[in-house]
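K.L.:
Sequence:
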Amino acid sequence: MKVKIKEWHAVATWRWDMPEDEVCGICRVDFDGCCPNCKYPGDDCPLIVGKCHHSFHLHCILSWINQESAKGLCPMCRQKFEDPSVRGEINVGELPEEFRARLDELNRRIVQMLEQTELTRLERMRALIARAAAREGAE
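Heads up: the sequence shown runs through residues 1 to 139, numbered per the UniProt record's numbering.
The reader is advised that the hints may include incorrect statements.
Simulated restraints on C-beta separations [unchecked claim]:
| # | residue 1 | residue 2 | range |
| --- | --- | --- | --- |
| 1 | 70 | 11 | 20 to 30 Å |
| 2 | 10 | 66 | 37 to 47 Å |
| 3 | 128 | 12 | 43 to 53 Å |
| 4 | 15 | 128 | 28 to 38 Å |
| 5 | 37 | 129 | 25 to 35 Å |
| 6 | 133 | 107 | 37 to 47 Å |
| 7 | 40 | 114 | 17 to 27 Å |
| 8 | 20 | 135 | 48 to 58 Å |
| 9 | 7 | 73 | 36 to 46 Å |
What the hints contain is simulated information worked out from the structure, not anything from laboratory work. As the structure is a prediction and not an experimental result, all values here were calculated from the model. From the three backbone atoms N, C-alpha and C, an ideal C-beta is built for every residue, glycine too.
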(Lines of atoms letter the chains of each structure in order from A and count residues from 1; the text may use other names and numbers.)
(Lines give C-alpha, C1' and ligand atoms only; values in the text may rest on other atoms or scores of the structure.)
Protein backbone atom coordinates (compact mmCIF):
# COMPACT_ATOMS: atom_id res chain seq x y z
CA MET A 1 0.00 0.00 0.00
CA LYS A 2 1.39 3.36 -1.04
CA VAL A 3 0.56 6.59 0.72
CA LYS A 4 0.52 9.81 -1.25
CA ILE A 5 0.59 13.08 0.68
CA LYS A 6 -1.61 15.65 -1.02
CA GLU A 7 -1.10 18.57 1.36
CA TRP A 8 1.19 19.46 4.20
CA HIS A 9 0.46 22.05 6.90
CA ALA A 10 3.40 22.39 9.25
CA VAL A 11 2.73 23.89 12.66
CA ALA A 12 5.35 25.04 15.15
CA THR A 13 5.50 26.99 18.37
CA TRP A 14 8.29 28.82 20.12
CA ARG A 15 8.90 30.40 23.49
CA TRP A 16 11.52 32.68 24.96
CA ASP A 17 13.56 30.87 27.58
CA MET A 18 11.78 32.69 30.42
CA PRO A 19 9.43 31.63 33.23
CA GLU A 20 5.79 31.51 32.08
CA ASP A 21 4.58 34.18 34.50
CA GLU A 22 7.34 36.64 33.52
CA VAL A 23 6.10 39.87 31.91
CA CYS A 24 7.81 43.02 30.66
CA GLY A 25 8.29 45.36 33.60
CA ILE A 26 7.26 48.37 31.50
CA CYS A 27 4.33 47.38 29.26
CA ARG A 28 3.25 44.42 31.44
CA VAL A 29 2.78 42.22 28.34
CA ASP A 30 3.82 38.57 28.45
CA PHE A 31 7.16 37.96 26.71
CA ASP A 32 5.54 35.42 24.37
CA GLY A 33 3.56 38.36 23.02
CA CYS A 34 5.06 41.52 21.63
CA CYS A 35 5.38 45.04 22.93
CA PRO A 36 2.73 47.67 22.03
CA ASN A 37 5.02 49.01 19.26
CA CYS A 38 5.20 45.71 17.35
CA LYS A 39 2.71 43.62 15.41
CA TYR A 40 4.39 40.24 15.81
CA PRO A 41 6.53 38.71 18.56
CA GLY A 42 9.92 37.21 17.82
CA ASP A 43 13.25 38.46 16.57
CA ASP A 44 11.91 41.91 15.67
CA CYS A 45 10.76 42.39 19.27
CA PRO A 46 13.66 40.86 21.23
CA LEU A 47 14.10 40.66 24.97
CA ILE A 48 16.81 42.60 26.76
CA VAL A 49 17.99 41.35 30.14
CA GLY A 50 20.00 43.85 32.15
CA LYS A 51 22.86 43.19 34.55
CA CYS A 52 20.26 43.50 37.31
CA HIS A 53 18.45 40.50 35.72
CA HIS A 54 15.27 42.46 34.93
CA SER A 55 13.85 41.73 31.48
CA PHE A 56 12.15 44.06 29.02
CA HIS A 57 11.14 44.22 25.38
CA LEU A 58 13.83 46.10 23.43
CA HIS A 59 11.43 48.84 22.38
CA CYS A 60 10.04 49.26 25.90
CA ILE A 61 13.44 49.73 27.56
CA LEU A 62 14.62 52.08 24.79
CA SER A 63 11.48 54.20 25.24
CA TRP A 64 12.07 54.21 28.99
CA ILE A 65 15.72 55.20 28.68
CA ASN A 66 14.76 57.99 26.23
CA GLN A 67 12.79 59.74 28.98
CA GLU A 68 14.82 62.38 30.79
CA SER A 69 13.31 61.37 34.13
CA ALA A 70 14.57 57.78 33.73
CA LYS A 71 18.24 58.89 33.86
CA GLY A 72 19.31 55.56 32.32
CA LEU A 73 18.10 53.60 35.35
CA CYS A 74 16.26 50.28 35.44
CA PRO A 75 12.54 50.96 36.01
CA MET A 76 12.32 48.05 38.46
CA CYS A 77 15.31 48.52 40.79
CA ARG A 78 16.67 51.99 39.83
CA GLN A 79 20.19 50.65 39.22
CA LYS A 80 22.00 51.86 36.09
CA PHE A 81 20.55 49.75 33.29
CA GLU A 82 23.27 47.93 31.43
CA ASP A 83 22.91 45.16 28.87
CA PRO A 84 25.62 42.57 29.68
CA SER A 85 25.92 41.50 26.02
CA VAL A 86 26.87 45.05 25.04
CA ARG A 87 29.55 45.10 27.73
CA GLY A 88 31.16 41.94 26.34
CA GLU A 89 30.40 39.68 29.29
CA ILE A 90 29.13 37.02 26.91
CA ASN A 91 31.87 35.32 24.92
CA VAL A 92 30.49 36.08 21.48
CA GLY A 93 33.11 33.92 19.78
CA GLU A 94 31.47 30.79 21.19
CA LEU A 95 28.10 31.59 19.59
CA PRO A 96 27.09 30.18 16.19
CA GLU A 97 27.60 32.59 13.28
CA GLU A 98 23.86 33.23 12.82
CA PHE A 99 23.54 34.35 16.46
CA ARG A 100 26.64 36.53 16.23
CA ALA A 101 25.26 38.27 13.15
CA ARG A 102 21.90 38.83 14.88
CA LEU A 103 23.61 40.09 18.05
CA ASP A 104 25.75 42.48 16.00
CA GLU A 105 22.63 43.80 14.27
CA LEU A 106 20.78 44.30 17.57
CA ASN A 107 23.77 46.04 19.16
CA ARG A 108 24.08 48.29 16.10
CA ARG A 109 20.38 49.22 16.37
CA ILE A 110 20.68 49.89 20.11
CA VAL A 111 23.71 52.15 19.60
CA GLN A 112 21.94 53.96 16.75
CA MET A 113 18.83 54.56 18.89
CA LEU A 114 20.90 55.74 21.84
CA GLU A 115 22.82 58.15 19.58
CA GLN A 116 19.51 59.52 18.27
CA THR A 117 18.32 59.93 21.85
CA GLU A 118 21.41 61.91 22.82
CA LEU A 119 20.98 64.10 19.74
CA THR A 120 17.32 64.71 20.63
CA ARG A 121 18.26 65.69 24.18
CA LEU A 122 20.95 68.03 22.88
CA GLU A 123 18.45 69.65 20.49
CA ARG A 124 15.94 70.10 23.34
CA MET A 125 18.58 71.70 25.56
CA ARG A 126 19.61 74.06 22.75
CA ALA A 127 15.96 75.06 22.20
CA LEU A 128 15.50 75.74 25.94
CA ILE A 129 18.66 77.86 26.02
CA ALA A 130 17.51 79.80 22.94
CA ARG A 131 14.08 80.44 24.53
CA ALA A 132 15.66 81.59 27.78
CA ALA A 133 18.00 83.92 25.88
CA ALA A 134 15.05 85.29 23.88
CA ARG A 135 13.11 85.96 27.09
CA GLU A 136 16.08 87.75 28.65
CA GLY A 137 16.51 89.82 25.49
CA ALA A 138 12.80 90.74 25.48
CA GLU A 139 12.94 91.96 29.09
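K.L.:
Each of the hints needs a verdict: does it hold here or not?
P.N.:
The hints, checked one at a time:
no.: 1; hint: 70 - 11: 20 to 30 Å; result: violated, 41 Å
no.: 2; hint: 10 - 66: 37 to 47 Å; result: holds, 40 Å
no.: 3; hint: 128 - 12: 43 to 53 Å; result: holds, 52 Å
no.: 4; hint: 15 - 128: 28 to 38 Å; result: violated, 46 Å
no.: 5; hint: 37 - 129: 25 to 35 Å; result: holds, 32 Å
no.: 6; hint: 133 - 107: 37 to 47 Å; result: holds, 39 Å
no.: 7; hint: 40 - 114: 17 to 27 Å; result: holds, 24 Å
no.: 8; hint: 20 - 135: 48 to 58 Å; result: holds, 55 Å
no.: 9; hint: 7 - 73: 36 to 46 Å; result: violated, 53 Å
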